Amino acid sequence: MTQHSIEAGGRTRTYIVVGPKDGPEDGADARALFLIFHGSRQTGAKHRTFTGGAFDAPAERGTAVVVYPDGHRGNWNDARRDSSFPARLENVDDVAFTRALIEKLTVSHRIDPGRIFAVGYSNGGQMVMRLAHEAPELIAGAAVIAATMPAPENFLFASAPPAPMPVLLVHGTKDPIIRYEGGEPSWWVRTAFKVGGQSLSMPRTAAYFATRNGITAEPVSTTLPHRPGSPGRTTVERTDYRQEGRPPVVLYTVHGGGHTIPGPAEAPAVIGRTNQDVSTADLVAEFFADVRKQQEPVRSRAADSAGPTPRTS
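Numbering (the working numbering), first residue to last: 67 to 379.
Source of the hints: derived by calculation from the structure; they are not laboratory data.
The reader is advised that the hints may include incorrect statements.
In the DSS-like style, the derived pairs of lysine-lysine whose C-alpha atoms are separated by at most 27 Å in a straight line are [unchecked claim]: (1) Lys112 with Lys87; (2) Lys240 with Lys260; (3) Lys260 with Lys112.
Given the structure is predicted, the values throughout are model-derived calculations rather than measurements.
Please put together the full structure from these sequences, using the hints given.
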């Protein structure tokens with residue numbers, strides 16, 4: 067896979083693209099764009115290997131373009147006030163990088179500007195939450211894996227006005243790095259990953275985004291069945307925050323899961339168990355496809371109410 071480069075924020079940044087430039091023919095629907103933000107100490111290529119290339123599927127089907135951007139020296143300049151890795155210390159402008167990528171690929175790969183989705187794991191998930199607060203106009207939805215909201219005093223954009231958008235969350239209850247219960251990171255996590263400060267629990271994170279989306283209805287939870295042949299040592303619980311006319315928030319809690327991405331590629335045991343009853347890549351693609359279907363009647367009603375397009379002579 068070829069690595070590409072682009073100038074953004076005064077730096078040369080690199081990324082990998084999965085999906086050809088020659089997208090749909092003129093007159094056909096443009097494709098979606100999935101931006102996949104890797105975790106700490108990874109690159110886009112390493113994260114692609116880490117997930118077994120599972121997120122490539124929409125590109126292989128020709129319905130989307132998938133991009134794996136590279137952070138600065140293995141990290142993204144996320145919105146945690148107490149982060150102290152090089153990307154933060156050097157104040158790398160990862161928002162400018164994201165904006166430049168979107169602007170370039172929207173033209174070169176015929177992307178639908180209304181179907182740009184950000185997906186992030188760990189530090190990449192923190193970066194996605196930064197985008198959702200600092201530059202929500204760039205993305206149509208967010209998926210956050212193994213990352214929880216920083217507490218208000220530890221969040222650089224705590225005063226950002228609400229910008230409702232669909233949000234998908236995935237987190238393991240036995241995550242040894244980013245605790246499902248929230249709180250302060252352990253001393254070894256602070257030392258190894260140069261992060262600190264308080265964070266919300268994952269249930270409070272889900273409730274935060276639901277409130278931000280204007281959802282007041284009570285969440286509904288269901289336990290998903292085990293996939294035939296899966297180890298069965300973890301269980302997935304789905305919690306839906308939904309209300310008519312509001313973007314949904316869905317939380318997948320992996321009971322017994324670690325700092326991992328549920329799916330076919332099993333992570334090293336040192337970071338906990340990987341659930342294989344579900345594929346996170348499939349959950350993400352299905353979630354955003356479902357959101358788009360729900361939005362279609364709204365678009366149709368809006369078009370009908372606007373009446374026929376005036377003819378010009």
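Straight-line alpha-carbon gap Lys240 to Lys260, limit 27 Å: Roughly 21 Å separates the two Cα atoms, so the pair holds.
27 Å limit on alpha-carbon distance, applied to hinted pair Lys112 and Lys87: holds (23 Å)
Below or equal to 27 Å on CA atoms is what counts here, so check Lys260 against Lys112. Roughly 20 Å separates the two Cα atoms, so the pair holds.
Checked against the numbered hints given earlier, the structure satisfies every one of them.
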